[in-house]
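Asker: Sequence:
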Amino acid sequence: MSAPNPILTTIIFVFALQAIILGGMLLSKRQQNPSHIFLSLLIFFFALMALNIALVNVLRSHNMMDTFRYVQLELLFGIGPALYFYTKSVTDRDFRFSKKDYIHFVPLLLEFIFYRTAFYRLGADGLYQTPHHPYTNIYLVEQWLGILSITIYTIISLLVLYRYQTWLKQHFSNLENKSLNWLKAPILIYSAFWIGWMILTEIDRFVFDRELRESYFLPTFVGLAIVTYWIGFKGYLRSRTKTSGYLTKKSTSEELNQNLEWAKKIESTMINERPYLDSELDLAKLSELVDLNPKQVSQTINRSFSKNFYEFVNGYRIEEFKRRTTLPENKKLTLLGLAYECGFKSKSTFNDVFKKTTGKTPSQFVEQEKKKSEKKHSVAR
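Each residue of the sequence shown is one higher than the one before, counting from 1 in full-length UniProt numbering.
Worth flagging that the hints you see were computed from the coordinates, not collected in a lab. Be careful, since some hints might not be right.
[Stated by the list, open to error] Computed cross-link-like contacts, DSSO-like style, restricted to lysine-lysine with a CA-CA straight-line distance of at most 30 Å: (1) Lys295 <-> Lys169; (2) Lys345 <-> Lys331; (3) Lys169 <-> Lys372; (4) Lys355 <-> Lys372; (5) Lys285 <-> Lys356; (6) Lys375 <-> Lys356; (7) Lys375 <-> Lys331; (8) Lys264 <-> Lys234; (9) Lys332 <-> Lys295; (10) Lys322 <-> Lys375; (11) Lys295 <-> Lys331; (12) Lys169 <-> Lys264; (13) Lys370 <-> Lys322; (14) Lys265 <-> Lys345; (15) Lys265 <-> Lys370; (16) Lys307 <-> Lys375; (17) Lys372 <-> Lys360; (18) Lys356 <-> Lys370; (19) Lys355 <-> Lys370; (20) Lys332 <-> Lys307; (21) Lys345 <-> Lys169; (22) Lys307 <-> Lys322; (23) Lys285 <-> Lys295; (24) Lys355 <-> Lys375; (25) Lys360 <-> Lys345; (26) Lys371 <-> Lys356.
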């Protein structure tokens, strides 16, 4: 165990309790949905972990460690399923938690029961005894299985997130407030935290005989409490906006073959009506303009132009930007101002798309075009 530290213990208590309050606020929302419930569970399980460590230090300072073994708060097997179902619920508008999904939380129930047995109490205490208690190996196996559970669910959650972001690019030309990129960080942090924690503690135990424990134990859980509060805060803000999650229901439209007429129709609409200037242009809007259904438009763009919807629309925006930079009346406008007029919604998206499309930054391109123009005028003279 680490030495009691009132300051770090207080920080853990404060952030962990605030995270739990955020989780409670999510559950108290009038318009309740599954994402609120699973985010609350995710916050709760991680905040519980941090509170667990803070409680250890408080009880230890009062010589009450025997009591702690009867009120163990650690619930590793709830973290993975909560993370997975939260990711599912914010990316899939059709998601419904069914009775068969409860099976994912059966290990959590078994874990709770395990912590109420002598296998846990004697096994955990045995870590600090020489030789170890026979139950210690049982306790360590349970801990590593918990880490394995978190890792597996984390990988699955990242795959769900990847599929969702791929879907987004087939339906939207601007991804701001839709991509859920913020969710990658906590998913990876949470997984890396427990894997790194178990490896670090085992190295400390076998190589350094726990001499390093005082330097990393409490600071690590301070970080966990802060990250947990952060994901709770971000998730709460996210819950106030409408999700753009994909639908998993298969379209009833017949399977389509590449159709040159549809491709010509889409291309003609993009050139003549310039719908890409609308920053809110999405697959549904373009489908209405060309009088085709979304699946027909999406498949035609994929097959005829070898691009997804996001790349297709932003390609036109880049060409429009390049055209407008040559117009004398636009000389006083900033590059970002021109980008917004061409349909982009953010500087980062514009710069990223422009660099991928042209291999240059916008300023490099403009400077290059300026030099070309000056050279032509010089030759003409």
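Asker: A separate judgement is required for each hint: does it hold in the structure or not?
Answerer: Now the hints, each set against the structure:
{"no.": "1", "hint": "Lys295 <-> Lys169", "in the structure": "holds, 14 Å"}
{"no.": "2", "hint": "Lys345 <-> Lys331", "in the structure": "holds, 21 Å"}
{"no.": "3", "hint": "Lys169 <-> Lys372", "in the structure": "violated, 35 Å"}
{"no.": "4", "hint": "Lys355 <-> Lys372", "in the structure": "holds, 20 Å"}
{"no.": "5", "hint": "Lys285 <-> Lys356", "in the structure": "holds, 25 Å"}
{"no.": "6", "hint": "Lys375 <-> Lys356", "in the structure": "holds, 27 Å"}
{"no.": "7", "hint": "Lys375 <-> Lys331", "in the structure": "holds, 19 Å"}
{"no.": "8", "hint": "Lys264 <-> Lys234", "in the structure": "violated, 43 Å"}
{"no.": "9", "hint": "Lys332 <-> Lys295", "in the structure": "violated, 42 Å"}
{"no.": "10", "hint": "Lys322 <-> Lys375", "in the structure": "holds, 19 Å"}
{"no.": "11", "hint": "Lys295 <-> Lys331", "in the structure": "violated, 41 Å"}
{"no.": "12", "hint": "Lys169 <-> Lys264", "in the structure": "holds, 21 Å"}
{"no.": "13", "hint": "Lys370 <-> Lys322", "in the structure": "holds, 12 Å"}
{"no.": "14", "hint": "Lys265 <-> Lys345", "in the structure": "holds, 26 Å"}
{"no.": "15", "hint": "Lys265 <-> Lys370", "in the structure": "violated, 35 Å"}
{"no.": "16", "hint": "Lys307 <-> Lys375", "in the structure": "violated, 35 Å"}
{"no.": "17", "hint": "Lys372 <-> Lys360", "in the structure": "holds, 15 Å"}
{"no.": "18", "hint": "Lys356 <-> Lys370", "in the structure": "holds, 21 Å"}
{"no.": "19", "hint": "Lys355 <-> Lys370", "in the structure": "holds, 18 Å"}
{"no.": "20", "hint": "Lys332 <-> Lys307", "in the structure": "violated, 34 Å"}
{"no.": "21", "hint": "Lys345 <-> Lys169", "in the structure": "holds, 15 Å"}
{"no.": "22", "hint": "Lys307 <-> Lys322", "in the structure": "holds, 20 Å"}
{"no.": "23", "hint": "Lys285 <-> Lys295", "in the structure": "holds, 13 Å"}
{"no.": "24", "hint": "Lys355 <-> Lys375", "in the structure": "holds, 24 Å"}
{"no.": "25", "hint": "Lys360 <-> Lys345", "in the structure": "holds, 20 Å"}
{"no.": "26", "hint": "Lys371 <-> Lys356", "in the structure": "holds, 22 Å"}
Consistency note: the structure conflicts with the earlier hints numbered 3, 8, 9, 11, 15, 16, 20.
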